[in-house]
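On the provided structure of chain A, position chain B as indicated by the hints.
Heads up: the protein sequence lines correspond to chains A and B, in order.
If you count the first sequence from 1, position 467 lands on 467 in this note's numbering, and the numbers rise without skipping.
If you count the second sequence from 1, position 6 lands on 6 in this note's numbering, and the numbers rise without skipping.
Incorrect hints may appear among the rest.
Unchecked claim - Reference excerpt, derived from the structure (chain B facing chain A, CB under 8 Å, subset only):
# : residue
1 : Glu93
2 : Asp100
3 : Cys179
4 : Gly182
To be verified - In silico DMTMM-like links for lysine to aspartate or glutamate, alpha-carbon gap of 25 Å or less:
#  : chain 1 : residue 1 : chain 2 : residue 2
5  : A       : Lys418    : B       : Glu70
6  : B       : Lys88     : A       : Asp496
7  : B       : Lys88     : A       : Asp499
8  : B       : Lys118    : B       : Glu70
9  : B       : Lys172    : B       : Asp124
10 : B       : Lys180    : B       : Asp150
11 : B       : Lys71     : A       : Glu569
12 : A       : Lys418    : B       : Glu181
In short, the hints are calculated from the structure, not lab data.
Backbone N, C-alpha and C fix where the C-beta goes; we use that ideal spot for every residue, glycine too.
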Amino acid sequence: MRRTSGRCCVVSRVSPIARIADALAVGLLLWRAQLTMFLNQTVRSRQAGRLAMTIGGAAVILLAWGWEAVVVVLIVEAAGRFGAHVDTVSLLSLGFLGYSGILIFSSLVFSLNALLLNPDLDLLLVSPRPVESILGGRMVVQVIRLMLLGLLFTGPALVVLAIAGKDPLIPLGFALLYLLYPVYIVVLVSLLSLLLVRIIPAGRGREILAVLGVALALAINLINFLINPALRAGGALPRGRIRPSLPDIPLASAPWLPSGWAGRAAAAILNGSWLSAGAWLALLLAVSAALFVAGAMISGRLYLAGWIQTVRPRRRAARAAPAASRGKRVPLLGAVEAGIIVKDWRMRTRDLAQLVRFAMPMVFLVIIFGLRFPRLAGSVQQLGPGPVAAMLGLIPAWVLLFSLALYLGLTAVSLEGKSIWIYASSPNTMFSLLQAKCWSTALPTAGLIGLVTVAAELVIRPGWLWAIAASLTAVALAAAVCALMVGVGAVFARFDWTDARRMLSPAGLFIGMALFLIISIATALLFGISLALANLSGFPVFTTWLAAMVVAIGGTVAAATLSLLLGNERLRRLELG
Amino acid sequence: MLATRLLTKRYSSLTAVEDLDLDVGAGELFGFLGPNGAGKTTTIKMLVGLLRPTSGSARVAGIDILVEPEKAKARIGYVPDAATLYDKLSAREFLEFSGDLYHVERVRRDRRIEALLKFFGLQDRANDFLSSYSRGMRQKVSLTAALLHDPQVLFLDEPTVGLDPLSARQMKDILQDFCKEGKTVFLSTHILEIAERMCTRLGIIDHGRLLALGSLQELRHQVGHDGQSLEQIFLDLTGSHEEDVGAMLRGLES
Numbered sequence: 001m002r003r004t005s006g007r008c009c010v011v012s013r014v015s016p017i018a019r020i021a022d023a024l025a026v027g028l029l030l031w032r033a034q035l036t037m038f039l040n041q042t043v044r045s046r047q048a049g050r051l052a053m054t055i056g057g058a059a060v061i062l063l064a065w066g067w068e069a070v071v072v073v074l075i076v077e078a079a080g081r082f083g084a085h086v087d088t089v090s091l092l093s094l095g096f097l098g099y100s101g102i103l104i105f106s107s108l109v110f111s112l113n114a115l116l117l118n119p120d121l122d123l124l125l126v127s128p129r130p131v132e133s134i135l136g137g138r139m140v141v142q143v144i145r146l147m148l149l150g151l152l153f154t155g156p157a158l159v160v161l162a163i164a165g166k167d168p169l170i171p172l173g174f175a176l177l178y179l180l181y182p183v184y185i186v187v188l189v190s191l192l193s194l195l196l197v198r199i200i201p202a203g204r205g206r207e208i209l210a211v212l213g214v215a216l217a218l219a220i221n222l223i224n225f226l227i228n229p230a231l232r233a234g235g236a237l238p239r240g241r242i243r244p245s246l247p248d249i250p251l252a253s254a255p256w257l258p259s260g261w262a263g264r265a266a267a268a269i270l271n272g273s274w275l276s277a278g279a280w281l282a283l284l285l286a287v288s289a290a291l292f293v294a295g296a297m298i299s300g301r302l303y304l305a306g307w308i309q310t311v312r313p314r315r316r317a318a319r320a321a322p323a324a325s326r327g328k329r330v331p332l333l334g335a336v337e338a339g340i341i342v343k344d345w346r347m348r349t350r351d352l353a354q355l356v357r358f359a360m361p362m363v364f365l366v367i368i369f370g371l372r373f374p375r376l377a378g379s380v381q382q383l384g385p386g387p388v389a390a391m392l393g394l395i396p397a398w399v400l401l402f403s404l405a406l407y408l409g410l411t412a413v414s415l416e417g418k419s420i421w422i423y424a425s426s427p428n429t430m431f432s433l434l435q436a437k438c439w440s441t442a443l444p445t446a447g448l449i450g451l452v453t454v455a456a457e458l459v460i461r462p463g464w465l466w467a468i469a470a471s472l473t474a475v476a477l478a479a480a481v482c483a484l485m486v487g488v489g490a491v492f493a494r495f496d497w498t499d500a501r502r503m504l505s506p507a508g509l510f511i512g513m514a515l516f517l518i519i520s521i522a523t524a525l526l527f528g529i530s531l532a533l534a535n536l537s538g539f540p541v542f543t544t545w546l547a548a549m550v551v552a553i554g555g556t557v558a559a560a561t562l563s564l565l566l567g568n569e570r571l572r573r574l575e576l577g
Numbered sequence: 001m002l003a004t005r006l007l008t009k010r011y012s013s014l015t016a017v018e019d020l021d022l023d024v025g026a027g028e029l030f031g032f033l034g035p036n037g038a039g040k041t042t043t044i045k046m047l048v049g050l051l052r053p054t055s056g057s058a059r060v061a062g063i064d065i066l067v068e069p070e071k072a073k074a075r076i077g078y079v080p081d082a083a084t085l086y087d088k089l090s091a092r093e094f095l096e097f098s099g100d101l102y103h104v105e106r107v108r109r110d111r112r113i114e115a116l117l118k119f120f121g122l123q124d125r126a127n128d129f130l131s132s133y134s135r136g137m138r139q140k141v142s143l144t145a146a147l148l149h150d151p152q153v154l155f156l157d158e159p160t161v162g163l164d165p166l167s168a169r170q171m172k173d174i175l176q177d178f179c180k181e182g183k184t185v186f187l188s189t190h191i192l193e194i195a196e197r198m199c200t201r202l203g204i205i206d207h208g209r210l211l212a213l214g215s216l217q218e219l220r221h222q223v224g225h226d227g228q229s230l231e232q233i234f235l236d237l238t239g240s241h242e243e244d245v246g247a248m249l250r251g252l253e254s
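So that you can see chain A by itself, here it is in the shape it has in the complex (with noise of 0.2 Å):
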């Protein structure tokens, strides 16, 4: 189906000139909003506990700042002490080819936000402006946007080439390269994106970029897996076949390419020369601005050309539960608890957003594990059956159950978002809400959890008995891991998302990791523990083993019970006001 019409707008007679200089301060004002709204939810807000994300972001920004000058400076050192030489055009192009890969994808997604969901864009539209001026205004955000990402990554490593070249002219020049070597992409991509969405639904453009970017990543390692013989050979292989080295694509630095271009300029900008410098900055700003007056007239052309033509999402129906089930009551459990668990996977499965964050986990795993499983199982099969060989065939499960705990678990309570009113005013207290979310994340990851360790394990034989036991430990802290996570994210609950990514507190994804990382190491370390324990003492190494799992299911459960108790305070407490 296919609308068509759009948003209304006219065609403006103000000459192109003008328009492209109304882009420009569209671009700026928008930009100008956007930094108070920034300034104002950070350091300018009221909330103890907004501005102690704040402070803490901006530690761990200071922290990464500070570790990546420590870096740069031992490479300084050790390039100035050994003398090495580096051909910085072609690694500084190889640099900008692959942050062109970034930005094609990031600028994918930017642009369908910018260009059709956010809902400002009908407030734009109605204001006295050249549709141009708009669209145009819309790139000159994201391109500053990209200019301030871009130092902030590198800013460090930047002030340290200056003082160690004594040019404090260096961090200047990069930043006109960061403002203008962007601007070709998201002009073509914002083209781009106009015409995609006459092809796929814009509201499901961000998921199907995803899952295209997941079958890439898929193909590239199914590509790798079958040209490079070390992947598919059996058993552990030396180290020293293994050399790692830089891509090597001579294209990045053709002297034809935005990707060459750009290398050259950085590269003269830190050798001090300027003049070469400014010759490639020169030809990047003139190539910049024709395509950018260039895109903003055409992506205005589109637009009344009637680009609004979207493809609409299709009218969705659920499939009506057959009448047999519908009158029946899930065993063990309650009318509300099995309601909210039914609505729970209603709600994850049919929304494509959500259930791509729940595929992506398993593909990754794929990606991680599948195809090198033969290799690694191999290895693991030299240590002979035992303790040691099951539980090296719990790591992909653990991998999966990081994902999964953390997605699923933390999110849990979340997901009810502004809806959270329904069961609010309903006669429930919260803690049989926390109960059915237990479930609701338990039940898929603790089963598939359960599913890959089984599969690992019969590839592995460590023996009947230490196979059994270790799944079962897997189950039973995939559980309590869950429960945990349900607890944390009830915590750090959030309801006013409108995006289902912005489900996750930084703050409760933070705790949770950690919990998760705390989880991990001390199982491993009670795991060493019953080892030693048992060439110690003499016990049955499965007595002290199925010691120190009871110990670390427990203490799991224990955490888990806290964060719950924790959770059900903060959701007593809500106010919907």
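Leaving out everything else, chain B in the frame of chain A:
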């Protein structure tokens, strides 16, 4: 059926509702009126247990909402002004879920769902996702959910916003029938014509304080001008005079 004593809600320096004393009896259709930001929604949210009062008490169907919230909520139906529903559920699935939340026995739940869907003309779209529903249709689904467990008190926040004339009429009928069964409706509205025609008693709130309470006739008597319309009473009580509007317009022109 509904009683509040010195009910107050403060947000740091802002007092949203102050010392509210209300008594609404069984079978009453009570209209709660006030300008934007007067404290209507805050009051309703305190009465349905979504907000915790700073001080004071509230009893719904004889049960203190602060002491026994679950017990009180079982007797309450609530329709917010802009109901956020689960977009990825169909209307039927949402209503089934809602029935489960309110512990409605399944056979009775399904029977009531079918009857209410038919009454609101939603049965043909019952299996469509709620994301495809218009605001008015969502409002109907929300009302259906609120009626599903047969509550004793129904709270509605701006219930007719987004409804077409037929649906608004249906809503009025259903609310009046509801009151005839001896149950209570507490509704907030901006549409004075609805309040004037439907409500047995009215309360007018502004800046968090209850300014007037009673039947339309009693309100007229309180203002001191018999025969005045509700609109005029409302403007007199809330201080929105024509002179103020004139002064504002003159200020804009200068």
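Hints versus structure:
1. Glu93: 6 Å, holds
2. Asp100: 3 Å, holds
3. Cys179: Violated, about 21 Å.
4. Gly182: 21 Å, violated
5. A:Lys418 x B:Glu70: 20 Å, holds
6. B:Lys88 x A:Asp496: Judged against 25 Å, a Cα distance of about 17 Å means the pair holds.
7. B:Lys88 x A:Asp499: OK: Lys88 of chain B and Asp499 of chain A at ~14 Å, within 25 Å.
8. B:Lys118 x B:Glu70: With a Cα-Cα distance of about 30 Å, the restraint between Lys118 of chain B and Glu70 of chain B is violated, given a limit of 25 Å.
9. B:Lys172 x B:Asp124: 23 Å, holds
10. B:Lys180 x B:Asp150: 14 Å, holds
11. B:Lys71 x A:Glu569: Cα-Cα ~19 Å, so holds.
12. A:Lys418 x B:Glu181: Violated, at roughly 33 Å.
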